[in-house]
Each structure stands twice: as structure tokens, then as C-alpha cells.
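Protein chains in written order, with our numbering: chain A, 1214 to 1438; chain B, 2 to 243; chain C, 7 to 219.
Calculated directly from the structure, the hints in this document are not laboratory data.
Heads up, a few of these hints could be off.
Unchecked claim - Here are the simulated distance ranges between beta carbons:
hint, chain 1, residue 1, chain 2, residue 2, range
1, A, P1303, B, A114, 49 to 59 Å
2, A, L1377, B, S108, 17 to 27 Å
3, A, E1433, B, S108, 25 to 35 Å
4, B, D7, C, L129, 50 to 60 Å
5, C, P157, A, L1256, 31 to 41 Å
6, A, G1419, B, A179, 30 to 40 Å
7, A, A1411, C, A24, 20 to 30 Å
8, A, A1265, B, D106, 21 to 31 Å
Glycine included, each C-beta is placed from N, C-alpha and C at the ideal position.
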Amino acid sequence: MSYARRAWIVFHKDLLVERRSKEQTNALLFFCLLLLFLFQFALGPDRDRLAAALPGLLWLGFILAGLLGLGRSFLAERENDCWEGLRLTPGDKSAIYLGKLAGNCVLMTAVEIVLVVLFGVFYNVDLWTPAAPLALVLALGTIGLAAVGTLFAAMTTQVRARELLFPVLLLPVQVPLLLATVSATQALLLGQPLADVAHWLKLLAGADAVYVTIGLLTFEFVLEG
Amino acid sequence: MIAAQDLRKTYGPTLVLDGVSFALARGQCLALLGPNGAGKTTLLRLLATLLRPTAGALQIAGVDALREPERVRPLLGVVAHGSYVYEDLTARENLRFWETMRGGDASPARLAAALAQVELDAVAEERVRTFSAGMKRRLGLARVLLAEARLLLLDEPFTGLDRRGRKWVNEFLLAFKAGGGTAVVATHSFGGSLGVADRIGILGQGRLLLDRPAADLSPEELHRLYESLTEESLTEGAEAAP
Amino acid sequence: MTRALGWLAALGLLAGLAAGFGYAPREAVQGNVQRIMYLHVPSVLTAYLAFGLVLLGSIAYLATRRPGWDRLAGSAAEIGVLFTGVTIVSGSIWGKPTWGTWWTWDARLTSTAVLFCVYVGYLMLRGLIDDPEARGRYAAVVGILGAVNIPIVHFSVKWWRALHQPSTILGPEPSPIDPAIGLALFVNWVAFTLLFAYFLSRRIEIARLEEQT
């Protein structure tokens, strides 16, 4: 099916480009390390204070890294008018969105894994026991962030003050996801079972479905022009 | 192949195209001349369905291009300034990407054949970042070859090319026409396209000031007309002969 | 039409003031400061109306590409942000004597603040794009996302709030709705809706004139 092929080749192309310019991904991952230090210095040496703030810090770090990483989603398309070339391709343009979204999810997952590992090591937190349910929360949060981030990145690529407008647009929409993921993460880290956070997971899943759907439906309007 | 009636384009208060009408038959090549800012790129983008005109009508291959751009786009081959290349991909990967996006057959054999046709087979696995402007443009031409475009829209294909490069583009266009393709070439430098053009159009102040079969005009006449109509001289006029 | 709306709105506001200050009784627990509810609640309701119109205008613009829909969306968003601001400020003023603090992260205020931020972003996006066609398209996408997000925000904030026990049980509504209070609220709500309609009508007019130059 042509749609799937096109989504796949966009995904594949983005991975290739990312792999070729490894410096950029490395910089992003290094940024996560810096965030870790920043949080530590901002909160002070009190171990308990840090532990209490941990779920929030994890997601805060994730969103900040996301702002940097996702904002650059369509940077390659700005060169050499490739954006225009994409406009001229036939068929449903949402395939491009899907491919980009997949690529961004992979990128954000890499960032997440790094952050979780760093947190576990530096803040001496047990992230292994609740690993499976935590992974679920992370996955749902990632999709939500990437879904809206990809759409807004496409939009702001063509707009003045891109680097400022992207976070201004993305952050308010992320609030419910942030509330849900932090609450769920907190509960899981306290040892509560997955069933206790089921309502949060449902909210996340619902929100993700809404965001991806809107992305698929409206991407062609963003691409054009 | 193309029928344009009274195309008009305004950007806010600026009038860029002021009623452009022309027709181009299948298998013919129109050379669009004009100084910078005359509206050549705008007209080309209109033909490519990348822009919508403020007024006017446009039919490509009998289809209303304004109402059904999606039907027209598969026929088009656009090689413009940007040439649609991803700098970090190799030549072959670029072709594979665009051909797959088009929904066409991106088999290694076809890609290799296209690369060979534009004499880029030696650098197929090199990243485009290392290419010269001429090579990038040849890659763009390989892309439109693969796409089996029927209408070629080239914006300044001769810029940045040396004499050999220009000759190459001309030969490419001749072969393309021989295969039944139609082409519109916008250029502010004449660079030898006189040999391949069937019609000459001069765009100035947003209007087609001249639209004649190339056979009617000798190079000297063309230069004279161009200068008087646009109050500029054709650059690289001395190298007009192919 | 617009002028008639203007007069109606003025009348409505007068009636609302009378109802709020004259007719409705003084609330037992909070005292006269509770009367700010007659400003606060209609404001937030009007804001939701405004953003509903933004959603409508956005979808309609993407479907039809008629500039009138985009003008509706943009104008409604501006006025919506205005009323949201009024909601937040009035809520804050209400909160100071009532809860002793200028700000509290209660469900309604938080949701409203998030809403405010979403649509301020929307207005900033509009401000940064000159090409009216691109502006309409991009704004429509953000408008749709922002509006659809409202219930998601509502639930997430409500559940989040439930985790952190509120320090007091004082919310914007007094516990049993006294019919007199209810009527005063209704009158003010109608007045605000008229005011909104008047503002919207004017703003769309200005937008249309701006585009003609």
C-alpha cells in the first residue's frame, strides 16, 4: 500500500539523516546530563527533597529535551526547498506526518531512556522495580508529546520567531499530559500497583488518540503553503 | 499541454503578474526570459500548482489545474533553485526517497539507470553535501526522469553552470522533447537555450511582452527586442550560441 | 445591528448590576465579596462560548477557505482571551479575602489559566504571520487543537486537584444555590453574552476593514 510505503520512507529517511549527523543527537543527549546537574543544583543537597520532586523533574527534563529535539523535526526540509517537494508528492499527506511522528517517537524514547538511566544512577532511585508500568506511562506520554510537537514543529518551521513560538504553543497543550504522567509516575514510584493509576492511563491514551487524529487530519493544511 | 488565461497574482499591494496568457503545445519547449523580479519564478510556481493565482485560469493536459491540482501534479517535474535534495543523504538515497514518495518503482535498477543518464553514477553513494550546484541540478533532473514527468518546469537551470554544463542541460532538454515531453524553462541568462526552445516569451512588469515561435527570431533580433522591451541586456549574451 | 446589540448589552449590564447588587441577597459566609461571582462566572461561560466559536470558525475555514470564518475565529479568540483574563483576575480578587491568597491552584482557576495560555499562544501565532491565507490555516489548526483539548485539561486538572486535598472547601459556587442568586447569575450571564456578541460584531467589522486596505 502506497500510504504505508510513504510513511515508512519518511521515517527511514529521517533516521538516516539523524544517523549521519550524529553530533546533533549526541548534543541532545548530553543536554539531558546537564539538566540533571541543573536540577540538583537548583534543589540543593537535601536528598529527600530531590526524591519527592523526582517524578516532576523527570518529566520536566523530558519536556525540555523535547522542546529542543522536536522543534528541529522539519529542519532538513527547510534546506533546498524539500518542503515544497513534499507538497508536490501525490496522495494523502498525512503519511508524511505519520513517518515524522514515528521518527520523533524513536528520538524521544532514546532521550527518555537516557534520562531514566541518569536519574537512576545519579539520584540513586530504584527505577527497576516499577520498570514495566513505568515504561507504559513513558510510552503514552511520549506519543502525546511527539504528536503535538510534530504538528507544531511543521507549523512553526515557516514562521518568524520559530524558536520562541514553538514552546509557547506546545507547553500549554502539554499541561494535561504533564499532570497525568507526573501523577502516575509518582504513584508507581511509591510502589502503588498499575490499577491505581488506570484512570491516568486512560486519560493519556485518550489524549494521545485525539492528538494523533488531529495531527493526521490537519497535517495537509499545515504542509500546504 | 498548457493553456493559461489572464493569470494574475498579487502579494498584498504588490502586483507580480498582471494578466499572463499563453498556450504551449505538447512536445514543445517555452523559454521564459526576463530580468530578475519580472515574475518568472512566480509564473513557474503557478504552473507547478505551488501557488494559487489571484485571478485567471489554467489548464494542464486538459485538467483545470486550479480546481484539481492533485490530478496535475503527477505529470509535473519541477527543478527549481532548491532542487529538493537532502544534503545528508547520498544521491541514490535521495532518488529512492522521492521516487517512493511519488508512489513509483524505486528499484535499484531504475535508480541506477537514472543516475547513469545524468552522469552521476560515479558519485551515487556520495552525500549530496559534497556536490556542486550543477551536480545537484543534475540529480534533480534524474528525479524528474524517474518520475516520468510529462511537463518539465525548470527555474534557472543554467545558473552556476559552465559552458559544458549548459550544453549538457540543452541536450537533456532535446532528448526530453524527443520523447514527447513538454518543458517551460525560465531563465534570465540566455545560455544557449535558443537552440532547444520552440517558443520564446519575454516577461516584464508582470506581463508577457513577447510570445513568438523561436524560429521567427534570430539571436540578434531577440537581443534587440529584449533590450528594448525590458531596458536590460541579456546576460551572457556573448555565449548565446550553443 | 451592531448598535442595537450595543444598546441591548448596555441595558443588560445595567440589569445585571441591579440584580447582582440590589436584588440578590448578601451571602451568609463570604459577605459582599461573593458578589464578584456575578462577574466571574458569566465571564468564564462567555469565554467558553468564545472558544467554541473559535473551534467552529477554524473547522469552517479549513473546509471552505472563506476568509469570513477566519475572521470569526480570530475575533472570537481575542475576545475570549479578554474574558478569560477577566475570569482569572476576578477569581483572584475573590480569592484574596476569601482564601487569604491571590492565587490558588484550584481546578477552575488552573484550567482557566491553561486555557488562557493556549489562546494567547494562538493570538501570538496570528500576530507572527502576515500572509492571511497561511495565517488562517495555521491558526485554525491550533484553534481546533486548543478547543478539543479543553475537556482533557478539565479532567486532568480535576483529578490532579483531588490528589492534593484542597485547604478549604470554598469554591466559586456557594453550596446550595439560592434561587435569588441563581436569577441574578442568569441575568448577568445573558448580559455578558450580549456584550460578547456586541464586541464580536465590532471586532469582525474591524477585521474586515483591515483586510480591505
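Hint-by-hint comparison with the structure:
For P1303 (chain A) and A114 (chain B), the Cβ-Cβ distance of about 22 Å falls outside the hinted range of 49 to 59 Å, so the restraint is violated. Checking the proposed 17 to 27 Å range against L1377 (chain A) and S108 (chain B) shows it is violated: the Cβ atoms sit about 45 Å from each other. Between E1433 (chain A) and S108 (chain B), the C-beta spacing of about 29 Å keeps the proposed range 25 to 35 Å intact. Distance hint check: the CB atoms of D7 (chain B) and L129 (chain C) are about 38 Å apart, inconsistent with the given range 50 to 60 Å.
Look at P157 (chain C) against L1256 (chain A): about 34 Å separates their beta carbons, and that is inside 31 to 41 Å. Taking 30 to 40 Å as the suggested C-beta distance range, the pair G1419 (chain A) and A179 (chain B) does not conform, at roughly 59 Å. For A1411 (chain A) and A24 (chain C), the hinted distance range of 20 to 30 Å is not satisfied, since their beta carbons lie about 50 Å from each other. Between A1265 (chain A) and D106 (chain B), the C-beta spacing of about 59 Å breaks the proposed range 21 to 31 Å.
In terms of the numbered hints stated before, the structure departs from hints 1, 2, 4, 6, 7, 8, listed from lowest to highest.
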